[in-house]
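Asker: So the chains spell out like this:
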Amino acid sequence: MNATSRLLPVAATTAVFLIGFLVCSLTFPNFASLRVVMNLFTDNAFLGIVAVGMTFVIISGGIDLSVGSVIGFSTVFLAIAIERWGVPPLAAFLAVLVISALFGAAMGAAIEYFELPPFIVTLAGMFLARGASFLMSTESIPITADLYSHLAEQALRLPGGARLTVPAMIMILVVLGGMVLLHLTRFGANVYALGGSRVSTALMGVNVTRTTVLIYTLSSALAGLSGIVFSLYTSSGYSLSAVGVELDAIAAVVIGGTLLSGGYGFVFGTFVGVLIQGLIQTYISFDGSLSSWWAKIATGLLLFAFIGFQQVTLGLARRSRRHATGGAHA
Amino acid sequence: MTPSDTPTDDRRDPAPLLELAGFSKSFAGFRALDGVSLTLRQGEVHALLGENGAGKSTLIKCMTGVVHRDAGTLRLDGALIAPRSAAEATQAGIATVYQEVNLAPNLSVAQNLFLGRQPTRFGLVREGEMRRRAAAVLAGFDLHIDVAAPLESYSVAVQHIVAIARAVDQSARVLILDEPTASLDAHEVEILFAVMRKLKARGIGIVFVTHFLDQVYAICDRITVLRNGRLAGSATTAELPRLDLVKMMLGRELAHATAERAPAAASGEAAGEREAAFAAFEGYGKAGYVAPFDLALRPGHVVGLAGLLGSGRTETTRLVFGAATADTGTATVDGAKVALASPAEALHLGFGYCPEERKTEGIVAELTVRENIVLALQAKRGALKPLSRREQDEIAARFIRLLDIRPPDPERPIGLLSGGNQQKALLARWLATEPRLLILDEPTRGIDVGAHAEIIALIRRLCADGMALLVVSSELEEIVTYADEVIVLRDRHHVARLTGEDVTVPGILAAIAADVPAGEQAA
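Just so you know, the sequences run in chain order G and D.
All letters in the first sequence, in the order written, are residues 1 to 330 by this note's numbering.
All letters in the second sequence, in the order written, are residues 1001 to 1523 by this note's numbering.
Keep in mind the hints are simulated off the structure, nothing from the lab.
Be aware that a few hints might be false.
Keeping only pairs whose Cα atoms sit at most 25 angstroms apart, straight-line, the calculated SDA-like set for lysine to any residue is [to be verified]:
(1) D:K1198 to D:P1016
(2) D:K1061 to G:N207
(3) D:K1200 to D:S1037
(4) D:K1200 to D:N1228
(5) D:K1385 to D:L1347
(6) D:K1061 to G:V208
(7) D:K1061 to G:E115
(8) D:K1061 to G:V199
Distance ranges between label pairs, derived from CB positions [said to hold, decoys possible]:
(9) D:R1389 to G:L240: 54 to 62 angstroms
(10) G:A15 to D:Q1215: 49 to 57 angstroms
(11) D:G1415 to G:V312: 42 to 50 angstroms
Here are a few chain G residues that sit away from chain D, every Cβ distance over 12 angstroms (derived from the structure) [to be verified]:
(12) I120
(13) G131
(14) P142
Just so we're clear, the structure is a prediction, and the values are computed from it rather than from any experiment.
From the three backbone atoms N, C-alpha and C, an ideal C-beta is built for every residue, glycine too.
The whole structure should be built from the sequences, with the hints applied where relevant.
Answerer: Below you can see the structure in the form of structure tokens.
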């Protein structure tokens, strides 16, 4: 793929989002406002954070099915730690990040040392984390700590009654940080290289084991962070929260133009993919009469459309490359 | 030049760059390398040659630490080194570029050149600086391309040069090129040679593995030949004429073996020539695969295909069996024109095929001897007419007795049998279909000496029974004992056809080594 065909999927995703936004604005008079956009950010912050981690995993040629469960576990752990054990919220946040990072590192190590497929290892991780959260509590536990109500009030006030909330700010920081890490560091180049050819990457002297462990550590730690944001958003901890979010995250990544087979993709595309999913939800809530299951159906159709689109652009790029071979050297 | 005076020859030259001494390696009792030595000098292009299984790959893997050798020392600039992985070897100064370009195709050319050592500031890659340096490195090879573009947008030749540039830029002193030219066209090979000459001028030593003798004489200063895991000889290119080189690779001593030609094969020629061809091919070929050839296969007649590795022997058999489809020429069977588009059609015309790669293309290791033997017959009959268990048992028992397959247990998984017995079971599979033409690709490869003789005796017997045979073999002494006609291949062309009294080891060797572009010689 040349530079243009690489950017094409992201451009298409962005266009779909803009067209979708335009359609919504024409349908609903109050839609086109900063307030709706900010709410879009807040409501999908937890998904955006976890999808950034998923982007790294998928570009490296892997998959992480455990993130939804890690979010669920994080919310339950926070509720119990803060409410029952009396741990200060900030300390509990730190503990969640450390636990989830270690969990991801363990999965990455299992993938590397036992040469297991990421699908199986993270599937096991999914059951483990979900099971552990059920073990701690099967009920929804409200979090009443002062910091939670305090953080919920904190927001950057923008014109038109719009509020940039703390979850939204965290997501934006994660997206920006993810872009820098993926596109501007050696680690990011290694992630792409792994997705391009694992064997070659190892032969080029890249520490493949270390890179893989780091990728899953990052994904899990971001899932932990997403769990913190989710508990802020709902002010509670519940072992059944964020069921299936791993699939929403994968959908966002793929809609964002990342190739599921690895090697190609952008964090920005994932961000837009998250916004598109949020946009569909918002449309349904504005409409009021549609069942929320339509969101799933629309996401499914979009996924099909984007995967088809990717195959076509890939095919075109390969054909044009065949015509161009040999003429490149001076 | 004989192997024994090579060491003295080596000592005469000054300051070797890389010295391998007494390299040995066994895999599960099989000696892949046996006391091999090689000396590479500064600014030297050193060809490493040998047929399949000669030990080239093993030697390279042992040098670069990918495989751990059992014995042997490795010195770079006189100092002992012992790399334990490709990465360590690269750090020590020995870089390898494989036939398959081992770079990340999705990354930019610049990232590929500097992956793992990109210039950074505050942890961030300095993209502009990296591109500038990448362009400078490639300019040293007269390659002026957009280094920001992904590697996969360039031709394989450019990718090879990027791989070489990466290796050399990491302060490589020794560069191993493992068949880099196999997928390049003539123009691209020239570009690669220009790069190699530049590296020579910089004092880098290059080990060059190739199958193309023309390329050896075009660029190499010295040649080392391996055969069956041993050093067959080493000499400067100037001292080693083509014919001697081919002899060294194939391991022939001209003096013996010629007399062993079976009288049956020598006299049977005239009779065979008179008989009508069972299958005939005219101008049959496939672009980029095998140049068009004529071939007539007669009952009771053995045609041998001889040539070096990669000369197009296996490709010829695959065309004949329909495993590859010809794009020119005609095929006739019993005088009627046929389209050999698939092995299934060939099977129905009465063809049988024993491939060279017994393990990957021939046997199904987990199935029993009986199941392996009836496989082709069942395929020929079709899934709707299953062979009864009793029929299967009969067929298996008959061929186990006939071919003396050991142990004579039809229910043993075939993977547990020795190579020779696997080969016999494979033959049995095709004989069970009662073919009129049997194609054998390297029927005696990898089997012990005793089994060799049995397989050859079997080939003669089949021939006497009126079967047409097409046999590929690297064992020239063997081929002259049973072939009525030998076709010699070089660079994917059928370059010579020897019959009757002309079927001799020296005759075949001369045809293989002839210094004439393959396309200009009549088959």
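Asker: Confirm or reject each hint.
Answerer: Hints, one by one, checked against the model:
| no. | hint | in the structure |
| --- | --- | --- |
| 1 | D:K1198 to D:P1016 | holds (20 angstroms) |
| 2 | D:K1061 to G:N207 | holds (20 angstroms) |
| 3 | D:K1200 to D:S1037 | holds (22 angstroms) |
| 4 | D:K1200 to D:N1228 | violated (30 angstroms) |
| 5 | D:K1385 to D:L1347 | holds (16 angstroms) |
| 6 | D:K1061 to G:V208 | holds (20 angstroms) |
| 7 | D:K1061 to G:E115 | holds (23 angstroms) |
| 8 | D:K1061 to G:V199 | holds (15 angstroms) |
| 9 | D:R1389 to G:L240: 54 to 62 angstroms | holds (56 angstroms) |
| 10 | G:A15 to D:Q1215: 49 to 57 angstroms | holds (51 angstroms) |
| 11 | D:G1415 to G:V312: 42 to 50 angstroms | holds (44 angstroms) |
| 12 | I120 | holds (24 angstroms) |
| 13 | G131 | holds (37 angstroms) |
| 14 | P142 | holds (41 angstroms) |
Against the hints set out earlier in the document, a violation occurs for number 4 only.
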